[in-house]
Each structure stands twice: as structure tokens, then as C-alpha cells.
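What follows is the residue order along each chain.
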Amino acid sequence: MPSSEAAVANQTHDNPALLHHFASAEQQKNAASFGMWLFLATEIMFFGGMFCAYLIYRYWYFGDFGAASKTLDIRLGTINTAVLICSSFTVAMAVRSAQTGKRKAIAVFLLLTIVLGLVFLGIKGVEYKAKFEEHHVPGQADFHLAGSVPLHPDLPVNQAHAQMYFSLYFAMTGMHALHMVIGVGLFSFLTYEAWNGRYSPSYYTPIENGGLYWHFVDIIWIYLFPLFYLIERHR
Amino acid sequence: MSEHISSVKLYVGIWLALLLCTGLTVFASFQDLGPFNAVAALAIATFKASLVVLFFMHVKYASEKMTKLTIVTAIFFFLILITLSLADYLTRLWT
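Heads up: the protein sequence lines correspond to chains A and B, in order. In the working numbering, each number is its position in the first sequence, counted from 1, plus 9. In the working numbering, each number is its position in the second sequence, counted from 1, plus 991.
Treat the hints as calculated values from the structure; they're not laboratory data. Heads up, some of the hints might be wrong.
[Unchecked claim] Lysine-lysine pairs mimicking DSSO-like chemistry, simulated, CA-CA at most 27 Å apart:
hint: 1; chain 1: A; residue 1: Lys-113; chain 2: A; residue 2: Lys-79
hint: 2; chain 1: A; residue 1: Lys-138; chain 2: A; residue 2: Lys-79
hint: 3; chain 1: A; residue 1: Lys-79; chain 2: B; residue 2: Lys-1056
hint: 4; chain 1: A; residue 1: Lys-140; chain 2: A; residue 2: Lys-79
hint: 5; chain 1: B; residue 1: Lys-1059; chain 2: B; residue 2: Lys-1000
hint: 6; chain 1: B; residue 1: Lys-1059; chain 2: A; residue 2: Lys-113
hint: 7; chain 1: A; residue 1: Lys-140; chain 2: B; residue 2: Lys-1051
hint: 8; chain 1: B; residue 1: Lys-1000; chain 2: B; residue 2: Lys-1051
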């Protein structure tokens, strides 16, 4: 590189977080943000296929889906929804702390998020355990869902249709839980980096994008909760 | 960089609104609304998701039009997936 060009580069790249192939910190941030949103778009497609399968089977086997939905623990489901909403709030506060340059506050809010994420996974584990004990896991040799279709007391639940409900339940909440596990790992890294003072108001892209990921996973649950827990509750 | 920093008050407000909507969706599911039970559940969920996207994910204040374009495109393609699939499955019994 000619020395004059190097001098220009040194002049414009006074921010240590700014990589050499970007013209400005703003351009770098916009590129990272755009990349993150593209990734989330692929995630919408990924979960979208499962949501589509869910809608089709719910339409076909509505009565059996209603009967199966009532066996889920609505109390734990509601608590878990609240826990995830609280974690989204702490993430938003962590990003805000990064914007205002409060190092300790970032770490505290990220840690709170991790704790809430683990509480969510713990409650989910309790719910899964109950399903195994009640023989409500698809593929179990003694799978059985007792009772009848809502509004049709003489029509027993179709076991194959009930298995389809629980297949979708475990696939979708399972994929969601996997995203939570990855999120907890991601946030552990971010907490470590934040504590070591890696982030400042001029550079906090990893926290911003990690936050976008966490909020996205929260939104998936916002849809999973009514779709799986709240079918035919009034019957 | 024109960075928008939301107030703590706004974040707390959104947080409480989301918790309130969670209670509302559980309450609504126990009411007999006929065919509108599913509509109410999805409407409340979409309202909650919008709050999260606009305020927690800062899309309301995003200076980049690219962000909004990406989101709208993703939702658009998701709706194509749902609409075309259901246009098949929901009409199979029609004679």
C-alpha cells in the first residue's frame, strides 16, 4: 500500500472495532444488522414449514387436537410465557445499557436473561417429564390419550391423530428449546465479553444482534403458546 | 451515527403490556367465542409479536430501510407458504 493511502486509512480507522474493509462504523453496523435480519428471515422459513404442517393437521383433526391440548399444563405454560417476556425485557435493557456505556449493567442484565432462559428450560423439562409419565409421547408403545373429543362425549380420541398433535408439539417446542439452549450459550459468551469491557456505545453489535436472536425466539414462543396450549379450553 | 436510545419507561411499558396480553389471551381462550377463539388467539399473539419487533428489536427507529424490507419480505413469503398450502388442503372436500 502506498504510504499516502495508509495515512488516509489510519486517519479514518481510529475506531479499533472498525474492520478495514468498511468505510465507516455506521456502514459496518448496518451490514452486520442486515446480515442478522437475513438470518432471522431464514429462521422464519424454518419454523414456517412446521407452522404450516401444524395448521393443516389442526384443520383435519381439530377435535383430537382440542382433547390433546387440554392435557398440557396451562399453568406452567402461562408461567413460561411470562418468564420469556421478562427475559426479552432484560435483553432490551442489556442493549440499552450497552448504548449508554454501563459495563456492569450490561453484564447484570445479560446474566438475568441467562437465568430466566434456564428457568424456562427447567419448566419445559418438568412438562416433558410429565408427558413421558402420562404416555403422551408419540412412538411410545403404550401411548394412550384418554377421554373423548370435546362436544362429542361418545366419540373417543383417535390415537393416531393425538400422536400427530404430540409429534408437532415435541418437534416445535423442542426446536424452540434448542434455540433457547443456543441462546443461553451465546449469552454466556456475551456476558464474559461484556464484563471484560469489550463493548462500548461506539461498538456493541454482538449484543444488539444477540438480542435480536433472543427476541426472535421469544416471538416464536408467543405463537406456540396459544397454538398448543389454548385449543378448545372453553369446552 | 444517529442511534436511537429508548427510555427505560418505554421498555417497562412494553414489558407490562406483553404480560397483560398474555393474561388476556389465556382469559379469551376460556370464553366461548365460537369460531373467533382462534382469531382472538392469533390476533393477540400478532399484537404481542409486533410490540416486540417494533420496540424491543428497534425496528420502529431503524434508519435502514433494508431492515424493514427484509422483514416484510420474510413475512410475505411465509404468507405465500401458508395461503397456497391451505388453499389446497381447506378445499379438498369441496365438490
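Comparing the hints with the structure gives:
no., hint, result
1, A/Lys-113 with A/Lys-79, "violated (44 Å)"
2, A/Lys-138 with A/Lys-79, "holds (17 Å)"
3, A/Lys-79 with B/Lys-1056, "violated (43 Å)"
4, A/Lys-140 with A/Lys-79, "holds (12 Å)"
5, B/Lys-1059 with B/Lys-1000, "holds (25 Å)"
6, B/Lys-1059 with A/Lys-113, "violated (32 Å)"
7, A/Lys-140 with B/Lys-1051, "violated (41 Å)"
8, B/Lys-1000 with B/Lys-1051, "holds (16 Å)"
Hint violations for this structure: numbers 1, 3, 6 and 7, all remaining hints satisfied.
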